[in-house]
Each structure stands twice: as structure tokens, then as C-alpha cells.
Amino acid sequence: MMAQIREVSAEVAMARLLMHQPASDDQKGQPEVEKITIKVGTGKDARHFEVHKDRLCARSEIFRDYLASKPSVTEIDRPDEDPYVFSLVIQYLYRGTLPDVIPLPPFIITVEQKTQLLNYLGRVRKSEYGKPFQRPARELWPEIAEAYAEKVGQPIDLLTIEMNVWGDWYNNLDELKPHFDRLYNNSVTFNGLNHPISNCAHNLRRRMFSFIDTLEEQAERDTNGSTFTRSMKKSTGPSEKEEEEDARSREGRHNLQRLICVSERYRLDSLTAICMDALTQLYKTHHLSPSAPSILYIYSQTSVGSKLRLYVSRSLAHAIMNKSPNDGGIGGVETDWIWDVMKENNELGMDVLAELRGKNGMKVAEAEDADPCEYHWHGEGDICTAKLY
1 MMAQIREVSA
11 EVAMARLLMH
21 QPASDDQKGQ
31 PEVEKITIKV
41 GTGKDARHFE
51 VHKDRLCARS
61 EIFRDYLASK
71 PSVTEIDRPD
81 EDPYVFSLVI
91 QYLYRGTLPD
101 VIPLPPFIIT
111 VEQKTQLLNY
121 LGRVRKSEYG
131 KPFQRPAREL
141 WPEIAEAYAE
151 KVGQPIDLLT
161 IEMNVWGDWY
171 NNLDELKPHF
181 DRLYNNSVTF
191 NGLNHPISNC
201 AHNLRRRMFS
211 FIDTLEEQAE
221 RDTNGSTFTR
231 SMKKSTGPSE
241 KEEEEDARSR
251 EGRHNLQRLI
261 CVSERYRLDS
271 LTAICMDALT
281 QLYKTHHLSP
291 SAPSILYIYS
301 QTSVGSKLRL
311 YVSRSLAHAI
321 MNKSPNDGGI
331 GGVETDWIWD
341 VMKENNELGM
351 DVLAELRGKN
361 GMKVAEAEDA
371 DPCEYHWHGE
381 GDICTAKLY
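Reading the sequence shown from the start, the letters are residues 1 to 389 in our numbering.
There could be a bad hint or two in this list.
[What the hints assert, rightly or not] Keeping only pairs whose Cα atoms sit at most 35 Å apart, straight-line, the calculated DSBU-like set for lysine-lysine is:
#1 151 <-> 126
#2 35 <-> 126
#3 284 <-> 363
#4 151 <-> 114
#5 126 <-> 39
#6 177 <-> 126
#7 44 <-> 284
#8 44 <-> 70
#9 35 <-> 131
#10 53 <-> 131
#11 177 <-> 284
#12 35 <-> 284
#13 70 <-> 35
#14 53 <-> 70
#15 151 <-> 70
#16 44 <-> 177
#17 39 <-> 363
#18 151 <-> 39
#19 343 <-> 284
#20 151 <-> 53
#21 151 <-> 131
#22 39 <-> 70
#23 53 <-> 35
#24 151 <-> 35
#25 177 <-> 307
#26 70 <-> 114
Because the hints were derived from the structure by calculation, they are not lab data.
Given the sequences, and given the hints that come with them, work out the whole structure.
Below, the structure is given as C-alpha cells:
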């Protein structure tokens with residue numbers, strides 16, 4: 001049945017929608033998309049996330065088993081989780097890509113970017129995946145306007161977004177993304193997750209995010225290549241831009257570690273995979289290893305068998321066997337650092353010893369050089385989830 005739905009063209013799907021009669025609250029042939037509320041945190045900082053149950057269960061083994069055993073549950077309370085970190089989980093559930101763990105400085109939309117955006121939006125509105133959203137739903141399908149308005153709280157369409165760009169309504173490029181998130185969520189709410197029009201919305205959002213990211217990357221390259229050269233700065237010490245990049249990298253690593261701890265806790269295996277890939281790349285790019293506070297935090301938030309623990313223990317084993325005190329490795333005062341970390345957590349000591357066992361003085365490979373799939377949750381021969389999303 002699923003395959004048959006996917007094979008229906010967008011035009012056929014629109015024709016069926018035109019025949020839809022809004023006399024009943026329940027859409028004929030369109031099952032209600034069940035949602036569940038997840039309350040995260042406590043007190044004034046607590047947040048409520050409304051999530052489609054099928055989307056949550058498709059990604060998380062823990063939530064799937066829990067909701068299968070308690071089908072009548074409509075709200076889940078997670079007081080010990082961090083609302084910000086959980087917002088990244090929700091972001092992943094609906095985007096299927098790496099969440100925004102590294103906050104990027106917003107770029108003001110330039111005249112050139114505005115022109116490129118308008119040209120691209122014009123092409124998108126004429127595309128097969130853009131046609132269902134080229135104008136407000138009340139204009140495209142007046143027969144279902146009342147039912148659509150009742151079910152979708154905040155409508156959005158490509159014409160409205162295009163007019164917003166024309167009128168300089170968006171302060172920066174990132175402000176466009178929530179509107180494409182809303183466009184997709186509205187389609188899923190009204191049509192269902194696997195409806196052809198929702199598939200168009202997914203494709204549309206993915207392409208627009210990619211185009212916006214390209215514009216931002218181009219702006220960043222232009223900024224780096226400006227006439228303000230490094231030669232005008234002192235040669236000693238990092239530049240202001242380098243310090244800013246270091247700060248963003250630290251925040252990115254910190255957020256990724258926290259997010260992986262949560263994703264492993266709920267067995268969001270595909271999220272763990274893409275986050276582990278991003279984290280190892282950050283450490284490799286900046287030639288860094290996990291800090292003592294990071295290691296202790298990771299071991300306090302994860303359990304035996306954790307992929308994040310595996311990476312940390314391998315990094316520590318590599319430092320012990322391969323680096324000298326002169327390049328930041330073990331020796332002299334650094335042995336005190338190792339002692340302080342390991343005495344706080346016996347499991348860490350056992351994991352490091354397991355990595356060193358049988359090496360007999362041989363060098364240990366860097367943790368980043370391992371097959372990325374060693375830090376993913378999937379069986380031998382399975383398709384890597386990080387390559388699916």
C-alpha cells in the first residue's frame with residue numbers, strides 16, 4: 001500500500017484533493033496523523049513539544065517500545081532532559097539532517113542574494129514539487145479552504161514567501177527556514193506523512209535549505225576573502241575571527257556531545273550516526289581531543305557500550321601511547337590529569353585499558369581514523385543510517 005501511494009503523481013493527488021468535500025472533520029481516505037506531547041524540563045524553563053507519533057516511533061526504538069506498550073498515552077514527561085538539547089532532537093525528527101548545533105552568525109540578505117532568491121523561488125513555484133504550494137491553499141483549492149483553515153493554524157505558501165523576500169521582511173537568510181519547516185508540517189498535518197503532496201513538501205524544503213546554505217557559504221567565503229587582510233594584524237596570537245571560530249567550534253562540540261548522549265539514551269540510531277560523524281570531523285579539523293570535563297560528563301550521561309564512550313576511550317588511549325609531553329600528550333604533569341579523570345570513573349579506566357590491551361608498546365591509531373561505522377548503531381551488512389538521511 002505504501003509503494004502504491006508513493007507512485008501517485010502530484011497532479012493526481014491534487015485532483016483527488018479537489019474532489020474532497022469538507023462536510024466532515026475527518027478527511028475521507030486520509031487517516032488522522034496522531035500526535036503526542038513531550039514535556040521537557042521543569043519550572044519556567046520547561047517546554048512542550050508536539051510530535052507526530054509515527055515519526056517519533058520510526059526513529060526511536062525506546063519511544064516505539066514505550067508507546068506500543070501504552071497506546072493511550074498522550075503526554076510524556078521528561079523533567080531531567082534539557083529543553084534546548086531536546087529541541088535539536090525535534091529538529092532532526094522533522095528535517096532528517098544534522099541539527100543546528102553550531103550557531104552561525106546571521107548574514108544580512110544582500111541585493112545580490114535577494115535577486116538569486118527571487119529567481120530561484122520563481123523556478124521552484126513552477127516545478128513539480130512546488131506546484132502544490134505556489135499560491136495560498138484557499139486560492140488553489142477553494143473547495144477545501146474551510147477544512148484546511150480549521151486544521152492548519154498558520155498557512156504559508158511560496159507566493160507569500162516570495163512577497164516577503166520582495167518586501168525585505170526577512171532580516172537574514174536563516175529566517176526563511178522556519179517558513180519552509182511550517183510549509184512541510186502543514187502538509188503533513190492536513191494530508192498525512194506519506195501523501196504525495198507531503199513528499200513534494202519534503203523535497204521542496206530540502207532543496208530550499210540546500211540553496212540557502214549555499215548562499216550562506218558563499219557569503220562566508222566572500223567575507224574571508226575581503227580586502228581586510230591578516231597581514232594588517234599582529235602576527236602573534238589568534239585573530240578576532242580565529243577566536244570566534246574557536247568559540248563556535250567549542251560550542252558545536254559541546255552541543256554535539258550533549259545531543260549524542262540523548263540520542264543514545266533513546267536509541268535514535270540515525271541521529272547518533274550523523275552526530276558522531278560531525279563530532280569526529282570537528283576534533284580532526286581542529287586537531288583536538290576531548291577535555292577532562294567533557295570526558296567525565298560523557299561517562300556520567302551514557303552507559304556501557306556507548307559509541308561516544310568508545311570514541312573518548314580511543315582518543316585517550318591514543319594520547320597515552322602516541323604523544324609526548326611536548327605536544328600535549330601524557331608525561332610529567334599530564335599523568336596527574338589522567339589520574340584525576342580515571343579515579344572519577346572506573347569504567348573509563350577499563351575502557352582505555354581495553355583499547356591498550358595487546359598493543360605492547362605499539363602506537364594506537366587516532367580515534368578519527370577508524371571506520372565511521374564503528375561509531376554507528378547498525379548490524380553487520382545493514383545500510384548505514386547516516387547515509388540514508
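Okay, the hints, checked on the actual structure:
A C-alpha spacing of about 26 Å is found between residue 151 and residue 126, which places the hinted pair at or below 35 Å, so the restraint holds. For the given pair, residue 35 sits about 33 Å from residue 126 by alpha-carbon distance, which is consistent with the 35 Å threshold. With a CA separation close to 18 Å, the supplied pair residue 284 and residue 363 stays within the 35 Å bound. Among the hinted pairs, residue 151 with residue 114 is consistent with the structure: their alpha-carbon atoms are about 33 Å apart, no more than 35 Å.
About 41 Å separates the Cα atoms of residue 126 and residue 39, which puts this hinted pair outside 35 Å; it is violated. Annotation: proposed proximity of residue 177 to residue 126 holds, straight-line Cα distance about 20 Å (limit 35 Å). Under the criterion of a C-alpha separation no larger than 35 Å, the hint pairing residue 44 with residue 284 is inconsistent with the structure, at around 39 Å. The straight-line distance between the Cα atoms of residue 44 and residue 70 is roughly 28 Å, inside the 35 Å bound, and the hint therefore holds.
The suggested pairing of residue 35 with residue 131 holds, with an alpha-carbon distance near 28 Å, which does not exceed 35 Å. Taking the CA atoms of residue 53 and residue 131, the gap is about 28 Å. The hint holds against a cut of 35 Å. Proximity of residue 177 to residue 284 is assessed by CA-CA distance (about 29 Å); at most 35 Å being required, the pair is judged to hold. A hinted pair counts as satisfied when its Cα atoms are at most 35 Å apart, and residue 35 with residue 284 does not qualify at roughly 40 Å.
For the proposed pair residue 70 and residue 35, the alpha carbon gap of about 14 Å is at most 35 Å, so the pair holds. Distance hint between residue 53 and residue 70 is fulfilled; the C-alpha atoms sit about 12 Å from each other, no more than 35 Å. The suggested pairing of residue 151 with residue 70 holds, with an alpha-carbon distance near 26 Å, which does not exceed 35 Å. With a C-alpha separation of about 27 Å, the suggested pair residue 44 and residue 177 falls inside the 35 Å cut-off, and the hint holds.
As the CA atoms of residue 39 and residue 363 are separated by approximately 48 Å, the hinted pair breaks the 35 Å bound. Restraint check for residue 151 and residue 39: the C-alpha separation of about 23 Å stays at or below 35 Å, so the hint holds. Proposed proximity of residue 343 and residue 284 is supported: the alpha carbons are some 27 Å apart, at most 35 Å. Between residue 151 and residue 53, the direct Cα distance comes to roughly 17 Å. Compliance with the 35 Å bound is thereby established for this hinted pair.
As the CA atoms of residue 151 and residue 131 are separated by approximately 21 Å, the hinted pair is consistent with the 35 Å bound. A C-alpha spacing of about 17 Å is found between residue 39 and residue 70, which places the hinted pair at or below 35 Å, so the restraint holds. Between residue 53 and residue 35, the direct Cα distance comes to roughly 5 Å. Compliance with the 35 Å bound is thereby established for this hinted pair. A threshold of 35 Å between alpha carbons decides the hint, and for residue 151 with residue 35 the separation of about 13 Å falls inside it, so the pair holds.
Of the pairs offered as hints, the one joining residue 177 and residue 307 holds, with about 31 Å between alpha carbons and a cut-off of 35 Å not exceeded. Annotation: proposed proximity of residue 70 to residue 114 is violated, straight-line Cα distance about 50 Å (limit 35 Å).
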